[in-house]
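Could you build the full structure based on these sequences and the hints that come with them?
Just so you know, the protein sequences line up as chains A and B, in that order.
Quick note: this note's numbering has the first sequence finishing at residue 1527, numbered continuously throughout.
Quick note: this note's numbering has the second sequence finishing at residue 548, numbered continuously throughout.
Treat the hints loosely; a few may be bogus.
In the DMTMM-like style, the derived pairs of lysine to aspartate or glutamate whose C-alpha atoms are separated by at most 20 Å in a straight line are [unchecked claim]:
hint	chain 1	residue 1	chain 2	residue 2
1	B	293	B	311
2	B	312	A	1416
3	B	312	A	1437
4	A	1424	B	183
It is worth saying that the hints were derived from the structure and are not from the lab.
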Amino acid sequence: MQKIISILVEDRPGVLMRIAGLFFRRGFNIEALSVGSTEIPGKSRFTITVDGDEAVLEQVRKQVQKLLYVHRTAEHDHKNSQLREYALIKVKFSNKIKTEVFHLVEFFGGKVLDIYDETAIIEIAEEESRIDMLFERLEPYGIIESLRTGKVSMFRGTRSINPQK
Amino acid sequence: MAKMMGADILLKVLTNQGVSTIFGYPGGATLPIYDRLEDYNIRHILVRHEQAAAHMADGYARVSGEVGVCLATSGPGATNLVTGIATAYLDSSPIVVITGQVERRFLGTDAFQEVDIVGITIPITKHNQHIMSAADITPALKTAFLLAKSGRPGPVLLDIPKDVLTEETEYDPDIEATLEGYNPIIAGHGGQIKKAANLLMSAKSPVIVVGGGVIRSGATDEVVELSELLSAPVMTTLMGKSAIPQSVEHYLGMIGMHGTKQAMDALKSADVIFAVGARFGDRAVLSYDKFSNLAKFVQIDIDPAEIEKTIKVDIPIVGDAKNILTKLIERLKGDDSIKERKRELVKRGIELYEFDEGMSIPSIIEILSGMEGDYIVATDVGRHQIWAARYYNSAGLGTGMFLTSGGLGTMGFGLPASIGAKVAYPDKKVVLITGDGSFMMNIQELATSSQHNIPVVVIIMNDHHLGMIRQLQDTFYDGKYIECTFPDNVDFVEVARGMGLDGVKVTDINDVKGAIEKGLESDSTFVIDCIIDSQQNIPYQSYDK
Ligand SMILES: Cc1ncc(C[n+]2csc(CCOP(=O)(O)OP(=O)(O)O)c2C)c(N)n1
Ligand SMILES: [Mg+2]
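This is how it looks when you write it as structure tokens:
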């Protein structure tokens, strides 16, 4: 089962290695990982997407929670959180297909960022399934390169990973 | 504020933490510390191999409950510590490890004797960190001691570049440890304790399984009181071996692969298994499926990550064992019906085992067990270790005074751990039960013991075999013995003599007692080379019998 875990950590060198090592040890393949700063000075937030046995995952989460630099962990799902992913997609482009591509991108909530050398870079921040759909629709035009950040997530309502809130 | 060198700050903070002994071995990267050592009231035990320094710190910590400290240089000095750190980690022993590192400007350049010891030891330390400026030494060291000792104890490693040790900075003894994200749970959850009490009150045949956590928590009296209150038999894991006094008659011995039949029978007839500070390791449980189906489970552990790691638990309680048991007992005593629960308790029987007479390992352990005295007993790893865990049942065995590498099963642990224990308790006699294989793995520490005059009685169960390997090949490989035999090419007594010590070779069971007595009276380490003429295997327990 796919799980999305947020981890609030002290922004210290090596934190990533410590966390990743614990997942690795129990045989989890991290599907996606994103990390960045938060509203709390000196604290970063990881979002990790993993797939695997629920009980073992809960165990890994407890292990992660034990790391000195880790302050909080939390688990997200579709009900309790807003889940988003960001993607950049570079496709072959010409004026001939301009209208359809723009139309498509707009329909899925994306944006054409750049047009250069017969290519277009498209960005989209959406739910995973909608990004999947956009990929599917862009495929025929020829994808030159693409990337996805993996999910990031935030609790709905007043719940926060910030222990002060 | 006075300016001080990093090395001085380090030694000063160690002194303030109450450290009186460091086990170490010098090298280029740590020389700034050695250069300042004589100005501080710290005894340095010069080991002969860094692995032994870690085991000594570990042995010291296990018996005293205080943090043991070891020190090694960068590169090979640091990597030599790894086995010792892992040993302490798996048995939750509080040690602080200090390693030298190459100068900051060389970091990451594969400089001479540079190794990423922080990276290497992440999975085997409770915490580790680089110290990148002299100003960080005080808070990092304070944090290290606090972490090592509190919650679930464990090793903490600090890696310090050489030029940080020579850097001058202001020394502020009052800088606090930084432990923002760390708050071990000590008091158990009231609701869970209540649930556990109710379950225990309704249980017909509850049993108590005790692990090393009870020793670390100092909860022996509480466990015994609870067992009497519930008329519940008590068993231990290997790590819990010395958690229950041998005089407790309803202590049924050790569970697990090589445990006692009585313990196994009690587990099988239990309706509630109440585990305290025991992590349900695979050797203790044998089969997770079968074990899980035995009964309902209550698990007390200070480490939330141990709860349900391997076994589904009905009532988990996270916190300190002593704290939780005290509240639980209070609650049970408040219930009048507890008095009606008094049942006939199974007593620990003389186990019906038949061991080979003459020079067999169990015979020798039985002799040692019958000798009066509150010795610290250490083992190495192998058949002799398990025999010792089963049959060393002296009433003099104090809580936490049985030292063995349970989690990692590190051959070579015994001698240095014994030396460390002796440093912690100079007035107690330390007896090491070792094997001819294990002893050889850190035999060089005889020289350390001789130089620093730290006496240990060494009993080598010399079966000319890696006996445990032989047993495994007997059981699982049709008795095809491959590479488990040693020729008679080592004279351990001569080796001891060569290192300034003495010993005796024993070939007759009637001479064993005298030899041990001689060892106990000796004021230096005494090596008793017991030539074993039995290859008896240790019986296995199973759920089927
Ligand atoms: C460092 C290390 N290497 C290998 C092993 C595997 N091993 C476990 S027991 C054993 C034999 C131990 O022999 P000895 O010390 O003579 O004890 P005995 O079993 O003969 O009593 C071995 C090789 C181990 N536990 N530790
Ligand atoms: Mg042997």
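Hints and how they fare:
1. Pair hint residue 293 (chain B) plus residue 311 (chain B) holds up; C-alpha atoms about 15 Å apart against a cutoff of 20 Å.
2. Restraint check: the Cα-Cα separation between residue 312 (chain B) and residue 1416 (chain A) comes to about 12 Å, which is no more than 20 Å; the hinted pair holds.
3. With a C-alpha separation of about 19 Å, the suggested pairing of residue 312 (chain B) with residue 1437 (chain A) holds against the 20 Å cut-off.
4. Taken as a hint, the residue 1424 (chain A) and residue 183 (chain B) pair is honoured in the structure, with Cα atoms around 17 Å apart against an allowance of 20 Å.
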